[in-house]
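Just so you know, the sequences run in chain order A and B.
Take numbering that gives the first Met the number 0: the last position of the first sequence gets the number 387, and nothing is skipped along the way.
Take numbering that gives the first Met the number 0: the last position of the second sequence gets the number 640, and nothing is skipped along the way.
Hints are computed from structural coordinates only; laboratory data are not their basis.
Ideal Cβ placement from N, Cα and C applies to all residues, glycine included.
One or more of the hints may lead you astray.
DEER-style ranges, computed between Cβ atoms [stated by the list, open to error]:
id, chain 1, residue 1, chain 2, residue 2, range
1, B, A222, A, G206, 42 to 52 Å
2, A, G85, B, A391, 52 to 62 Å
3, B, R372, A, K93, 25 to 35 Å
Spelled out, the chains give:
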Amino acid sequence: MRATDNQGSFLNRISIRRNQVVSMDGNHEQELEDLDLFQKHVADRFSDLLSSTSDDDSVLSIAWLRKLLDAFLCCEAEFKAVLLMGRDPSQISKPPLDRLVPEFLDRVVKALDVCNAAAHGVESVRHYQKLAEIVVAAFEQKPIGDGQVRRAKKALNSLMLTLEDKEGSTHKSAERTWSFGRRGAPSNKDRSTAGNFRSLSWTMSKGWSAAKQIQAMSANLVAPRGGESSGLALPVYIMSTIMVFVMWALVAAIPCQERNGLLTHFPVPRQLGWAQSMIVLQDRIAEEWKKKKEKNKLAGLLEETQRLERLGLSLIEFSDSFQFPGEAERLEEVAAQVSELSEICKKMEEGLVPLQQQIREVFHRVVRSRTEILDVLDQGGKMSAPTM
Amino acid sequence: MGDFSSVLHLCEGDQHVIAATQHLVKALGSSKILNDDLRKILSQLDSHLSSMNIITTESRGPGFREVEEQFRCSEEKIMGWESRQSFIWDCGPLEASQYLKSVHDIQTLVEGFRSLSANEDRKHKELVNRAESLLQIAMSKLEEELIHILVKHKQYFEPEYMSFRSWRRDVVYDESFVSVEDIAFEEESQRNFCGSESEEYILDLVDPHVIPHLKSIADIMFASNYHQEFCQAFISARRDALEEYLIILKVEKLSIEDVLKMQWDSLSSKIKNWVRAMKIIIRYLASEKRLCDQISGDFGFVSPLCFADISKVSLLPLLSFGEAIAMETHGPEKLFCLLDMYEVVADNLLYIDTLFSEEAGAWVRIEFHELHRGLADTARATFMAFGNAIAANGSTSPFPKGAIHPLTKYVMNHISTLTIYCNALNVLLKDHDTADSNPPENGHISSSLTYGHLACRLRSITSTLEFNLDCKSKLYKDAALQHIFLMNNFHYMVEKVKGSELRLFFGDDWIRKHIVKFQQHATSYQRATWSLVLSLLRDDGSASKASLNEKCRGFCIAFEEVYKSQTGWSIPDSQLREELQISTSQKVVHAYRNFTGRNSSSIGDKYIKYTADDLQNYILDFFDGSSRSLQNSRWKEPAWF
Numbered sequence: 000m001r002a003t004d005n006q007g008s009f010l011n012r013i014s015i016r017r018n019q020v021v022s023m024d025g026n027h028e029q030e031l032e033d034l035d036l037f038q039k040h041v042a043d044r045f046s047d048l049l050s051s052t053s054d055d056d057s058v059l060s061i062a063w064l065r066k067l068l069d070a071f072l073c074c075e076a077e078f079k080a081v082l083l084m085g086r087d088p089s090q091i092s093k094p095p096l097d098r099l100v101p102e103f104l105d106r107v108v109k110a111l112d113v114c115n116a117a118a119h120g121v122e123s124v125r126h127y128q129k130l131a132e133i134v135v136a137a138f139e140q141k142p143i144g145d146g147q148v149r150r151a152k153k154a155l156n157s158l159m160l161t162l163e164d165k166e167g168s169t170h171k172s173a174e175r176t177w178s179f180g181r182r183g184a185p186s187n188k189d190r191s192t193a194g195n196f197r198s199l200s201w202t203m204s205k206g207w208s209a210a211k212q213i214q215a216m217s218a219n220l221v222a223p224r225g226g227e228s229s230g231l232a233l234p235v236y237i238m239s240t241i242m243v244f245v246m247w248a249l250v251a252a253i254p255c256q257e258r259n260g261l262l263t264h265f266p267v268p269r270q271l272g273w274a275q276s277m278i279v280l281q282d283r284i285a286e287e288w289k290k291k292k293e294k295n296k297l298a299g300l301l302e303e304t305q306r307l308e309r310l311g312l313s314l315i316e317f318s319d320s321f322q323f324p325g326e327a328e329r330l331e332e333v334a335a336q337v338s339e340l341s342e343i344c345k346k347m348e349e350g351l352v353p354l355q356q357q358i359r360e361v362f363h364r365v366v367r368s369r370t371e372i373l374d375v376l377d378q379g380g381k382m383s384a385p386t387m
Numbered sequence: 000m001g002d003f004s005s006v007l008h009l010c011e012g013d014q015h016v017i018a019a020t021q022h023l024v025k026a027l028g029s030s031k032i033l034n035d036d037l038r039k040i041l042s043q044l045d046s047h048l049s050s051m052n053i054i055t056t057e058s059r060g061p062g063f064r065e066v067e068e069q070f071r072c073s074e075e076k077i078m079g080w081e082s083r084q085s086f087i088w089d090c091g092p093l094e095a096s097q098y099l100k101s102v103h104d105i106q107t108l109v110e111g112f113r114s115l116s117a118n119e120d121r122k123h124k125e126l127v128n129r130a131e132s133l134l135q136i137a138m139s140k141l142e143e144e145l146i147h148i149l150v151k152h153k154q155y156f157e158p159e160y161m162s163f164r165s166w167r168r169d170v171v172y173d174e175s176f177v178s179v180e181d182i183a184f185e186e187e188s189q190r191n192f193c194g195s196e197s198e199e200y201i202l203d204l205v206d207p208h209v210i211p212h213l214k215s216i217a218d219i220m221f222a223s224n225y226h227q228e229f230c231q232a233f234i235s236a237r238r239d240a241l242e243e244y245l246i247i248l249k250v251e252k253l254s255i256e257d258v259l260k261m262q263w264d265s266l267s268s269k270i271k272n273w274v275r276a277m278k279i280i281i282r283y284l285a286s287e288k289r290l291c292d293q294i295s296g297d298f299g300f301v302s303p304l305c306f307a308d309i310s311k312v313s314l315l316p317l318l319s320f321g322e323a324i325a326m327e328t329h330g331p332e333k334l335f336c337l338l339d340m341y342e343v344v345a346d347n348l349l350y351i352d353t354l355f356s357e358e359a360g361a362w363v364r365i366e367f368h369e370l371h372r373g374l375a376d377t378a379r380a381t382f383m384a385f386g387n388a389i390a391a392n393g394s395t396s397p398f399p400k401g402a403i404h405p406l407t408k409y410v411m412n413h414i415s416t417l418t419i420y421c422n423a424l425n426v427l428l429k430d431h432d433t434a435d436s437n438p439p440e441n442g443h444i445s446s447s448l449t450y451g452h453l454a455c456r457l458r459s460i461t462s463t464l465e466f467n468l469d470c471k472s473k474l475y476k477d478a479a480l481q482h483i484f485l486m487n488n489f490h491y492m493v494e495k496v497k498g499s500e501l502r503l504f505f506g507d508d509w510i511r512k513h514i515v516k517f518q519q520h521a522t523s524y525q526r527a528t529w530s531l532v533l534s535l536l537r538d539d540g541s542a543s544k545a546s547l548n549e550k551c552r553g554f555c556i557a558f559e560e561v562y563k564s565q566t567g568w569s570i571p572d573s574q575l576r577e578e579l580q581i582s583t584s585q586k587v588v589h590a591y592r593n594f595t596g597r598n599s600s601s602i603g604d605k606y607i608k609y610t611a612d613d614l615q616n617y618i619l620d621f622f623d624g625s626s627r628s629l630q631n632s633r634w635k636e637p638a639w640f
């Protein structure tokens, strides 16, 4: 089922129903049905995401992340409909929502910062792409000679350096010597060789940590129990979980400021139908993350980045042992690797900018929803300004 | 360089002969019989061949040796710099041009060899390999030179210099809603800047004399197909420069969470800084774009790509701060800073569109439009909330002395500051208001302002204020004081409108009506206070001495009471006070003089406590704001009588 297909009809049904039934008590059954439908759609979207990993895209490839963000946007639209559309504002200012909704909005604000960090992180990945493109350009020139190999190696070294630089370490950026005001030349060649391929500085204040952000988002995430589990507390919980999952996946995939200690697990009750696929995905990503952490390679789990890394290592090895004119067999191998590299670059070229735009779209959508929810809370009048 | 190409040309000639011979051999192989003509040509070829010098692979004759010689010369030049610590362009233009020539020679050689890829002999291949290798070394060196020049010759401009737009005002952001002093806002509305691409607006971010150097490096690197390295190095160096400049501009990297938690005091100073930084950065970006064009403009789409990559990430903190501010609902006192932010984005939106018109800059364009929308929504909502806040400002006790209420001052000062943002607000409100008066086409300035969206809103705001004041006036028990209060406040409003840009928005009609209003309250005051008091002096036909005495005494007591209370009332505007005193005086003194004159023979001196002149003087004490008593000073001195 395509994510967008059922959305329109769902929203229509809700709005028609809400308009028909004004009395709140008679509404309850309808509401249960809406909630069921919402859960079903969430389940469907995530099982789509899970199954798409088996055929074309692996988990955390650019294409898959874009699907994930699509799914997020759809779920978000439905969630807002369930929570707000045609509803009496006083309903969401009553317990337990008077606590859960502000908590949700708090998570939203944290998600916004994660979006910013991730959009910035995509820029780092684009930087990897540019370096990989130089490698491709060098090796695609035939015959391969010392010049090409050296050219490629230079780019490869920078690539490996920047990949490692994203391991949550800040020592590199600390070395930066600002020289404004002064006109003196920087310390000679060290700067220019390492400097021109230096990775980007972070976008957040010092001490901001993506890992902590995710941790804080998931801190008070508790599944509603008893009577609450059939009310509006449930969609708030579901949407919160989706948001934490999506932000977590972004942080795992894309280089982000401070990812040391990133959660590998956040509790999602296994008995909940809508969460099944999400749990499988979560386990898979967590597994990958642990593996990478052991190897101390944390440039990000983005499929394309990992492939760059693998190919890069192999090509560095080739470059180190290369002697003109090189063995035919080895050259053929390299040609195959270079064409794979070129294919990844192409994927990146096609996918990264749209991914970045999509992250911004999520950002703006979430901002708007927050405003709408705040407006309703305001109308409810029960709550003063949110404490955020 | 002619030597290189001629040898290469020769080699190319060889290629043709080889191809022709191969063709010949093939043709001969297919036929077994030779006819006479053919035999003749072939024997000619044979003798021709035997007379030629055979070039062996070991020594290709003078042409090839020359190439090798040239190559070695360039190699020496290029490798020589590898062992030196200094930078080529630092050593003068001659060194630079010699180096560039060597690189150019190598590059031409490599180009030539590449087109001769059919040549498979080992020596040739070795030479190509060495040449390619040398080219790579040179490219690496040039990359370092490029960064060195960019870093060494970058120029920053003092933010003060960059902000060439005069600061039209210094709006106080943090005034509270309840109490505000009369603040004379600076109002210089002489600014009509809309990002123009004038030369003056653009600055040299790199010392202009190195532009040709950078260009020559770009040219040779692009010609050698090392454009990616060039772009990466260029982008990286320029992005660093921009990031440094953002630090100079005190643009902080704040998370949205931080901003939302921030106290207003620190937030307002950050907002001011943001507005300033945004203005400067846009100018900086325009200059950056020109630099990109100067260096890489010849290479098609490269320049916009570089420009977008340099700017994009650095703008994130600025954009994110703006988004964070736009996310929150704000009190009316924060409207000005929102408007400042809105204006700087709105004013430059078209300019940003032009700067980032290419696909590569779409991201920046979209983000600016989003920010523009967000700030517009928030500013509009804050503006609309202002009216509600005025309506909701209730009081439980009457305002002392009937003076000008702080709300009146606040509202009037607030809206007169708003007129500075006239253009922005008219746009903001236009999107919001649906049914409103149609501004006359091509009307002169005052009328078009008077009928604009902002003007309508402002008038509705003052109506709300008037209504609120009316309610507040009901809190006074004394009807006369109600009128003094309303007269004072309306007078203040009129003066404020007349004395500022507001007059253009409210129009003469409004002013006239409101002058009438406060004058009516003045009249009503006189009626409320003096009708009863003066009625004591009315000639009611009975001329008995006792009743006249009693009337006179009653009048004096009443006057004393009025004196006691109304000296405590306040009319802060001296002119208004004098006018009211004079007209009161005329009325009262006239009546008193008539009464005493008419009945001078009947009233005992004892009862005429005050002369008409006394009254006239006493009335000058009215509305002074400090209550006084006549009884203490004069009345209780019966010894003299």
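Verification of the hints:
1. A222(B) to G206(A): 42 to 52 Å: Holds - the Cβ-Cβ distance for A222(B) and G206(A), about 47 Å, lies within 42 to 52 Å.
2. G85(A) to A391(B): 52 to 62 Å: 28 Å, violated
3. R372(B) to K93(A): 25 to 35 Å: Between R372(B) and K93(A), where Cβ atoms are some 33 Å apart, the hint holds.
In this structure, only the earlier hint numbered 2 is contradicted, and the remaining ones agree with it.
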